[in-house]
Amino acid sequence: TNSLLLFLMHRVCVLWVCDGATFGPLCEGNPFNSVRGSDRWGSGHYGASRGGRLHKGLDVKCQDGSAVYAPFDVTLHGKLTVYTDRNKEAINEGINLKGQGLCFKLFYVRPTRTSGSVRKGERIGTMLPMQSVYPGITSHVHVQMCDQSDPTPYF
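What the sequence shown shows, in our numbering, is residues 151 to 305, in sequence order.
Quick caveat, the hints were computed from the structure, so don't treat them as lab data.
Possibly wrong hints are sitting among the right ones.
Heads up, simulated DMTMM-like pairs for lysine to aspartate or glutamate below, C-alpha to C-alpha not over 20 Å straight-line [unchecked claim]:
#, residue 1, residue 2
1, Lys255, Glu272
2, Lys238, Asp214
3, Lys206, Asp297
4, Lys270, Asp223
5, Lys206, Glu178
6, Lys238, Asp223
7, Lys206, Asp189
8, Lys255, Asp297
Given these sequences and hints, build the entire structure.
Written out as structure tokens, the structure is:
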């Protein structure tokens, strides 16, 4: 019964947090934040298999070169490096953000700036050329929570 109680308490907390934070449109041309399905490179949902590991984010469809927007009022907390592999240098950028009580990262985005406050819907960057590194993949912005929890409830 203790584990059931903890499970129910966790669900209530998740629902409560969800009520306060919902991601607005992230990418030009994808007003409803459609998520990447399956392609030859894998699947875009949280927890999808990545060989010997699990996908720790959610992939929101975004065409290469598209504008990327703040999903709600956020503060920018610096640029991030996605990979250590020099073969992936073309998409090796992202940004750390906080807002609505959430801490999250956006991968494959060249930020327009890396600090300060941004209002919902303002441009925060440009989608990098994913097709040049992963030909045939559904191009996407990878959304990852700082604590690596599932971002899906916020969409």
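Now for the hints, and whether the structure bears them out:
About 17 Å separates the Cα atoms of Lys255 and Glu272, which keeps this hinted pair within 20 Å; it holds. For the hint linking Lys238 to Asp214, the alpha-carbon distance of about 15 Å falls within 20 Å, and the restraint holds. Among the hinted pairs, Lys206 with Asp297 is consistent with the structure: their alpha-carbon atoms are about 10 Å apart, no more than 20 Å. This hinted pair checks out: Lys270 and Asp223 have alpha carbons roughly 5 Å apart, not beyond 20 Å.
Distance restraint check for Lys206 and Glu178: the Cα-Cα separation of roughly 24 Å exceeds the 20 Å cut-off, and the hinted pair is therefore not satisfied. At most 20 Å may separate the alpha-carbon atoms for a hinted pair to count; Lys238 and Asp223 exceed this at roughly 30 Å. Between Lys206 and Asp189, the direct Cα distance comes to roughly 17 Å. Compliance with the 20 Å bound is thereby established for this hinted pair. Under the criterion of a C-alpha separation no larger than 20 Å, the hint pairing Lys255 with Asp297 is consistent with the structure, at around 10 Å.
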